[in-house]
Every structure is written in C-alpha cells, then in structure tokens.
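Student: All chains, full assembly: derive it from the sequences and hints.
So the sequence lines, in the order shown, correspond to chains A and B.
Counted the way our numbering counts, the first sequence spans residues 161 to 297.
Counted the way our numbering counts, the second sequence spans residues 339 to 723.
Since the hints were made in silico from the structure, they are not lab data.
Virtual Cβ for every residue (Gly too), placed ideally from N, Cα, C.
It cannot be assumed that every hint is accurate.
Claimed, not checked - Heads up, incomplete: computed chain A residues facing chain B, CB under 7 Å, no partners named:
#	residue
1	Thr173
2	Asp180
3	Asp182
4	Gln186
5	Val276
6	Lys280
7	Glu290
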Amino acid sequence: MAKAKTADYKGKTALLIDDDVDILSQLKSYLEGMGFTVLTGESQSDGEKLIDESPFDIAVFDLMMEHQDSGFVLCYKAKKKNPDAPVIMITSVTSETGLQFDVTSDDSRSWIKADVILDKDIRVEQLEREIQRLLKG
Amino acid sequence: MQNLRVLVVDDEPGMRVGVARALSKFRVHLEDFASEFGFVVEECATGTEALSLLSSKNYDLLLLDYKLPDIGGLDILVRVNEEKYDLLTIMITAFASLEVAVSATKHGAFDFLAKPFSTDELKSTVRKALNSLMLQRQARRLAEEKRQVRFQFLSVLSHELKAPLNAIEGYLRIIDEKTAGDDLCQYEHMVKRSLLRIEGMRKLIFDMLDLTRIESGQKVRELKLLNLVEAAQKAIENLQPDAEKRGIKISLHAAESVPLNADMGEMEIIFNNLISNAVKYNKDGGSVDVTVAPSDGGVQISVADTGIGLKPEERERLFGEFVRIKNDQTRNIPGSGLGLSILKRLSALYHGEVGVSSEWGVGSTFSVLLHDGQAFVPSQTLSAF
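Tutor: Below you can see the structure in the form of structure tokens.
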C-alpha cells in the first residue's frame with residue numbers, strides 16, 4: 161500500500177463503516193494519510209448512528225455486515241441525510257455470487273444509492289482515485 | 339383438491355368415453371402428500387392430434403393406445419421422452435403380449451393396461467401412476483432446493499474465506515512498502531493480526547470439513563454403548579493447555595459412568611465444540627463447569643462459562659451459519675462461525691436439541707440433550723447441504 165501522496169482533504173470528514181476490524185484499520189489509516197478526519201463504525205447500527213449525528217463529506221460502506229444488505233441501507237440513509245456527499249460501497253459479493261451490481265444504469269441507480277461500487281480486493285490506490293474523482297466537483 | 343390433466347389417445351370412441359367417465363368422478367387421496375386428486379380428461383383419436391395436444395398443453399398422465407391409425411403408440415412414446423414432458427404414460431394394448439409390454443417399458447411407459455380392462459383395473463393403474471408421478475416431482479423439487487442451499491452455502495463460505503485474505507493482504511502490503519513509518523510496534527501488531535486471521539481461516543476449513551462429513555452421511559457411524567464421561571474427559575484434556583494459559587479452570591461434574599448409544603467421534607466433536615467455546619469466550623482466570631447427567635431418557639450435557647455472555651439479540655442470531663458475534667471482546671478470538679451449526683446438526687442425529695441461557699457480562703450455559711443415536715441420518719439434517 162503506497163502512502164497517499166495527496167493530503168488535499170484536510171478539514172474533510174470521511175465516514176467509514178466495515179465490520180472487518182482489520183480492513184477498517186487499514187482503510188482508516190490510508191484515509192487519514194489523505195488528510196481526512198475519519199469516523200469509523202463496525203456495524204450497520206454504528207453507521208446509522210454516525211450518519212444521524214455527524215456531518216461528513218464522503219462515506220465508504222461495506223455491503224455485508226450484520227445483514228446481507230446493510231451497505232444498501234446505509235447508502236440510502238446517507239443520501240437521504242446528506243445528498244451531496246458521495247457514497248462508495250465496497251463489497252466482495254459480486255465476484256463470489258456472480259451477482260452484478262453496478263450504478264451505471266438509471267434503473268440500478270434508482271435503488272442503489274451509491275455513487276460507485278468497488279470490489280473488496282481493490283488496491284487502496286484505486287479507492288483514492290475514486291475519492292479524488294468524486295470530490296472533484 | 340388438485341386436478342390432474344389426463345389425455346386419452348385411442349381410436350375407439352367407446353374406449354375414450356369409458357375412460358373419461360370412469361376417471362371424471364374418481365378421487366385419489368395420497369397420504370404422503372396430504373392431498374386429494376381429481377382428474378380432468380381430454381381425448382383424441384389419432385397420433386397426430388395427440389402430438390399436437392402434447393406440445394401445446396401440459397398433461398400429467400397420458401393413456402396411450404398401442405395401435406393407432408396413423409402414428410404408432412411406441413413412436414409417440416419416443417417423442418414424449420425426447421421432449422421430456424413431465425408426465426407418466428400408461429400404454430393401452432389390445433393384446434397383452436409380453437413383447438409389447440417389454441418394448442413399451444423400454445421406451446419409458448410407466449405401466450400398461452390390456453384391453454378389455456375393468457374400471458377397477460383402470461383406477462388402480464392410474465392411482466399407482468399418480469403416486470409415482472408425485473414422488474418424482476417431489477424428488478426433483480428437493481434436489482433443486484438442495485442445489486440452491488448449496489449454492490448459498492458456497493457463496494457465503496467463499497466470502498468468509500476471502501475476508502481474511504483481503505485483510506492479510508492489506509497488512510502485507512503495508513509491511514512490504516513500510517508505509518506505517520518506522521515504529522516497529524505498528525508492524526508487530528499487523529503480523530499478530532495476520533496470524534490470527536490465518537488461524538481463523540484454518541479453523542473454518544476444518545469445521546467445514548466436519549460439517550460436510552456430517553451432511554454427506556459418508557462418514558461411517560459406529561454406534562455403541564459409550565461412557566460419555568470418558569468423552570468429556572478426553573475433550574477437557576485436549577483443551578487444558580489453552581485454558582491453563584489463561585488461568586481458566588475446567589471442572590467436570592458427573593457420575594463415574596453415564597452411558598449412551600453413540601458414535602465416539604461425534605461425541606468428541608460435541609464436547610470439543612462446547613468446551614472450546616467456553617474457554618475461548620471466557621475471561622482470564624474464569625471457570626468452565628462441564629456437567630454430564632442422565633435426564634429425561636437421555637443424557638444432558640451442559641457447559642457453563644464465566645465469560646462475556648450474550649445480549650438477547652445476539653442470542654437469537656447465534657445459531658445461524660457463519661454467524662459470529664462481533665464486538666470488542668470477540669475481536670481477537672478466531673472462529674469460523676460454524677461450530678454451533680455443527681453442534682446443532684450432530685445433536686439432531688441424537689434427537690437432541692441445543693439450548694443456551696446467558697447473561698451479558700456474566701457468562702453463558704450451553705446445554706445439549708442427547709438420546710440414543712439412531713443408525714440412519716434423518717432427512718432434515720441432510721437438507722441443508
């Protein structure tokens with residue numbers, strides 16, 4: 161994992177929810193390296209609470225936590241509370257089940273409220289690129 | 339009542355009317371399916387008509403004359419097979435020759451009726467065919483359900499195996515590229531976490547093999563009169579080193595001998611699962627109390643710990659496959675999420691049930707009531723894999 165080169169995001173807050181504590185700590189330190197203040201949670205209910213209580217500029221959610229669709233629920237709630245903040249969902253579900261989620265069609269965008277869905281075995285650099293793209297506007 | 343569609347193909351009008359009349363008021367009650375069946379009969383006189391009807395509608399039973407004016411009954415039978423119509427065929431023959439019967443059966447006819455036949459003969463043949471048809475359909479349905487469950491199981495399994503891989507890979511990249519700075523402690527933590535995740539993966543693989551062996555029924559079960567106290571002692575001995583490391587005291591409360599007709603391997607897995615959980619989820623310096631006692635015509639095993647306990651909502655989710663209760667206390671405990679599934683399935687082989695009582699922060703008691711083992715594997719335990 162290369163250290164994030166940019167530290168453009170000082171003063172911005174990222175919401176990071178994943179029930180795998182190792183992934184959580186790895187992504188947290190990467191996002192911190194990018195300058196974000198990172199709020200973390202380990203479950204859908206942690207996430208719901210954070211969405212409710214704390215302002216955030218971007219959110220990163222795992223899909224499968226205590227429920228199979230926890231990530232979808234969080235996406236929906238995040239967009240409802242804070243429509244302008246981009247939401248990234250990370251999941252390993254697609255490659256295993258052959259289920260295809262994407263958010264490129266209007267139809268899927270209408271029910272999946274994420275701006276981008278990334279596979280869990282992505283490199284963090286990819287995550288960084290997506291964040292840069294989404295926060296550019 | 340369920341109506342079954344019957345197609346009668348015969349060039350003799352009398353025969354068609356006779357069959358239709360006999361079946362129109364006929365009711366079959368199948369005990370195994372807890373339902374009653376009636377019949378809706380359609381008829382035609384030629385093979386050509388029969389083939390066109392068969393391709394446009396669904397029938398459950400086909401009563402087919404062997405000798406038709408245009409296409410032979412056997413040829414129609416061949417087509418029925420080729421098209422894989424979901425129905426059973428009863429051949430109607432004018433001459434009850436063995437040769438005809440053999441070739442009809444070879445081509446997939448379920449049974450045959452020799453002309454002239456009585457209403458009773460017709461009804462009994464139809465009843466037999468119906469029973470067989472329903473069994474076939476049920477078997478197909480079960481096989482499909484099983485396939486579905488297996489697919490789900492494998493999807494979740496691969497998810498559970500990939501999660502630690504991703505975590506370990508992430509740590510290795512940080513270590514490889516030394517992105518966490520110069521403080522060695524940071525890296526030590528990552529190595530420890532990686533080792534823990536690997537241990538979890540290994541446990542998952544072993545547990546899965548256990549589960550697969552139970553489900554497939556391939557493991558030869560050797561049922562004999564065992565002293566369960568010995569099985570308990572053996573499990574305690576195995577787990578003693580882990581317990582001692584954390585100052586946990588395991589005590590066994592049992593008479594000298596508590597017999598049960600059981601398989602030794604299965605009993606070891608049960609005790610091992612229960613006691614290792616009680617150690618794993620205990621507090622340092624805590625205790626584990628194992629009780630084995632005759633109860634209610636069987637044997638009650640209970641294992642009480644002084645561990646972290648469960649919240650009521652956690653207790654409800656506990657027995658699901660791959661479910662692990664995640665919180666600050668369980669974070670550093672490797673587990674597969676399959677242990678209790680295994681316990682539940684094994685107990686089912688002994689008409690047993692697994693129960694749990696627990697108080698959060700105080701401890702949990704898991705208990706299993708086992709009855710004498712049965713030699714066959716009950717179907718409900720097979721259905722899940």
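Student: Broken hints, numbered, in rising order?
Tutor: 1, 5, 7
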